[in-house]
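In the order they appear, the protein sequences are chains E and L.
Under the numbering used here, the letters of the first sequence match residues 30 to 356, in that order.
Under the numbering used here, the letters of the second sequence match residues 7 to 329, in that order.
Relax, there's no trap hidden among the hints.
Beyond 10 Å from chain E on every Cβ pair, some chain L residues (computed):
{"no.": "1", "residue": "P25"}
{"no.": "2", "residue": "L26"}
{"no.": "3", "residue": "G139"}
{"no.": "4", "residue": "E152"}
{"no.": "5", "residue": "Q159"}
{"no.": "6", "residue": "A273"}
{"no.": "7", "residue": "G283"}
{"no.": "8", "residue": "T293"}
{"no.": "9", "residue": "L323"}
Each computed DSBU-like pair below joins lysine-lysine, with the alpha-carbon atoms no more than 30 Å apart:
{"no.": "10", "chain 1": "L", "residue 1": "K264", "chain 2": "E", "residue 2": "K298"}
{"no.": "11", "chain 1": "L", "residue 1": "K120", "chain 2": "E", "residue 2": "K104"}
{"no.": "12", "chain 1": "L", "residue 1": "K278", "chain 2": "E", "residue 2": "K143"}
{"no.": "13", "chain 1": "L", "residue 1": "K96", "chain 2": "E", "residue 2": "K301"}
{"no.": "14", "chain 1": "L", "residue 1": "K264", "chain 2": "E", "residue 2": "K311"}
Derived from the structure by calculation, the hints contain no laboratory data.
Note that beta-carbon positions come from the ideal geometry of N, C-alpha and C, so glycine has one too.
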Amino acid sequence: MGRWAIAVHGGAGVDPNLPLERQEAATALLTRCLNLGISALRSSLPAIDVVELVVRELETDPLFNSGRGSALTEKGTVEMEASIMDGRGRRCGAVSGLTTVKNPISLARLVMDKSPHSYLAFSGAEDFARQHGVETVDNEYFITEDNKGMLKLAKEADSILFDYRIPSTAFETCGAASTESPIQMNGMPISVYAPETVGCVVADTEGRCAAATSTGGLMNKKVGRIGDSPLIGAGTYAGEVCGVSCTGEGEAIIRGTLARDVAAVMEYKGLKLQEAVDFVIKERLDEGKAGLIAVSSEGEVAYGFNCNGMFRGCATEDGFMEVGIWE
Amino acid sequence: MGWAIALHGGAGDIPLNLPLERRLPREAALHRCLQIGVDALKSNRSPLDVVELVVRELENHPNFNAGIGSVLTSDGTVEMEACIMDGNTKACGAVSGLTTVVNAISLARLVMEKTPHIYLAFDGAEAFAREQGVETVDPGHFITPENIERLNQAKEANRVQIDYTPPVQKDGIRDVPVPEGDQIGTVGCVAVDGHGNLASATSTGGLVNKMVGRIGDTPIIGAGTYANNLCAVSATGKGEAIIRATVARDVAALMEYKGLSLEEAAAHVVHKCAPKGTAGLVAVSATGEVAMPFNTTGMFRACATEDGYTEVTIWPLVQNGDV
Numbered sequence: 030m031g032r033w034a035i036a037v038h039g040g041a042g043v044d045p046n047l048p049l050e051r052q053e054a055a056t057a058l059l060t061r062c063l064n065l066g067i068s069a070l071r072s073s074l075p076a077i078d079v080v081e082l083v084v085r086e087l088e089t090d091p092l093f094n095s096g097r098g099s100a101l102t103e104k105g106t107v108e109m110e111a112s113i114m115d116g117r118g119r120r121c122g123a124v125s126g127l128t129t130v131k132n133p134i135s136l137a138r139l140v141m142d143k144s145p146h147s148y149l150a151f152s153g154a155e156d157f158a159r160q161h162g163v164e165t166v167d168n169e170y171f172i173t174e175d176n177k178g179m180l181k182l183a184k185e186a187d188s189i190l191f192d193y194r195i196p197s198t199a200f201e202t203c204g205a206a207s208t209e210s211p212i213q214m215n216g217m218p219i220s221v222y223a224p225e226t227v228g229c230v231v232a233d234t235e236g237r238c239a240a241a242t243s244t245g246g247l248m249n250k251k252v253g254r255i256g257d258s259p260l261i262g263a264g265t266y267a268g269e270v271c272g273v274s275c276t277g278e279g280e281a282i283i284r285g286t287l288a289r290d291v292a293a294v295m296e297y298k299g300l301k302l303q304e305a306v307d308f309v310i311k312e313r314l315d316e317g318k319a320g321l322i323a324v325s326s327e328g329e330v331a332y333g334f335n336c337n338g339m340f341r342g343c344a345t346e347d348g349f350m351e352v353g354i355w356e
Numbered sequence: 007m008g009w010a011i012a013l014h015g016g017a018g019d020i021p022l023n024l025p026l027e028r029r030l031p032r033e034a035a036l037h038r039c040l041q042i043g044v045d046a047l048k049s050n051r052s053p054l055d056v057v058e059l060v061v062r063e064l065e066n067h068p069n070f071n072a073g074i075g076s077v078l079t080s081d082g083t084v085e086m087e088a089c090i091m092d093g094n095t096k097a098c099g100a101v102s103g104l105t106t107v108v109n110a111i112s113l114a115r116l117v118m119e120k121t122p123h124i125y126l127a128f129d130g131a132e133a134f135a136r137e138q139g140v141e142t143v144d145p146g147h148f149i150t151p152e153n154i155e156r157l158n159q160a161k162e163a164n165r166v167q168i169d170y171t172p173p174v175q176k177d178g179i180r181d182v183p184v185p186e187g188d189q190i191g192t193v194g195c196v197a198v199d200g201h202g203n204l205a206s207a208t209s210t211g212g213l214v215n216k217m218v219g220r221i222g223d224t225p226i227i228g229a230g231t232y233a234n235n236l237c238a239v240s241a242t243g244k245g246e247a248i249i250r251a252t253v254a255r256d257v258a259a260l261m262e263y264k265g266l267s268l269e270e271a272a273a274h275v276v277h278k279c280a281p282k283g284t285a286g287l288v289a290v291s292a293t294g295e296v297a298m299p300f301n302t303t304g305m306f307r308a309c310a311t312e313d314g315y316t317e318v319t320i321w322p323l324v325q326n327g328d329v
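Looking at chain E on its own, in the form it has when it is part of the complex (with noise of 0.2 Å):
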């Protein structure tokens, strides 16, 4: 028997000056998910089970960039976006353009064991969720009164911003302070409360190693914009060695191959786990800002960003827990 990790993160690119009371809430909720997905482990549920119930977690609880509290399009509507994929057999699912589903990763998994393809989108994926009776709601539960805020902050900046919640009181006093802070990402500075896309990774005892991704996608998007979360080989990988789930400037992380890139470099450069994240953050970002999870078959876990914070946790079964924001 193998010995199972994890991995969870909340999004990478972080204020520096995030209230303490959201770093707090943060902190809490990457915990609780931790937790959760250890207690799964412990009653030996499959990775690719364990993935999808903590993406859940998190899709659910509105304080990230996923599900309920994803960030709004141009047109201040939600549209989700997700993918799973399980390392043995490499079988993978992915979704775009949801609306009324309420857990995205759970719908990429049903286009996995239920679909023959790999990935559906907008009206056709929302089609496939009515016929498998997946639970779905109406797009305004998706929208937070923070997310609508952020949204007009952002339409006045006549910009994409990559990350979505300003603090009211960096807000209220100064609006323009957004144009000062030496911290960018995707272009925008981050003076900003920047959860994003959440993701888990998992190897479990039986060395199987499965990723999941879920995201909002970025604040003022355009309507049918597609990031890395759902695209395999960028935010989202599994395969026999390694699990790997990606997050932060998702174009960056497309030209990156990033999640299949830390696999690649396992496989055909022979890198342990550590190695081939840090080697993928620093040679393959070009000068995009972005952060990674990672686990091993051998239940060895990683993480690597180069930008300023992410929101991530780790834990292994000889007892290793982590939950941090800052390096």
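For this one, chain E is given, so just place chain L on it according to the hints.
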């Protein structure tokens, strides 16, 4: 060194006894498209322009599964997708779910050059096409009688068919036996100039009888399409298998991380990573090598290099007595 170009019109279970009336127009189209690409390279057009130009020609040809000639969804509609990538900058653009855009590949290029995003799909992509003023037509324009027939055939068989199964003839007799493994379409082009600049482009109508909203490998960077400073790759075949095997990126990754040559890397991915009967690809390297492996019965393909080599073929080449 020197320029090189390769293009494909789909890999699949293309019967060896493909009737001449089905074979000749496709071979002629491959010849013509290859010539267009060669002329453009000789006129010093950038590889990015060349792959776009050639794929536009292939999209405009009704015998291939892209643009006009795209196969139909289970609802009898066309949903086209395409992707383009520049090897030097790794800039890329992709589109899915197009219903009225005449040349999907050119919209992918506009996404790359005129938006902050890489990938637009469905209504949002159609709206972007209108903003940019690209040529659009009624969705019915793309639907050929042959593809209506193919869809009916697929529905009768109650399965998702890959695009190029020969349709049943009007008198109800199949012109060739419908093979178990179905056949595959999609068009693509890769090119490199004499300075080692690379580009790749792929375009498709997807699968016959696909579910509405289905996205295949073609628009996914690293799956159906990839280019960097070492090589450019365009894949074709069963999308789901190509996505899992991240076929296009893996050719480049094997060169980058394992030091394989283009030919070795392409052969490894097609013969060792993708299941038999699922994939083919065309690839060129920065030094002007070409590879066109496939693990299906055949692949409509063509290539040319600066040193005068030209090939337009469908089935495996017989070399030294073995296939």
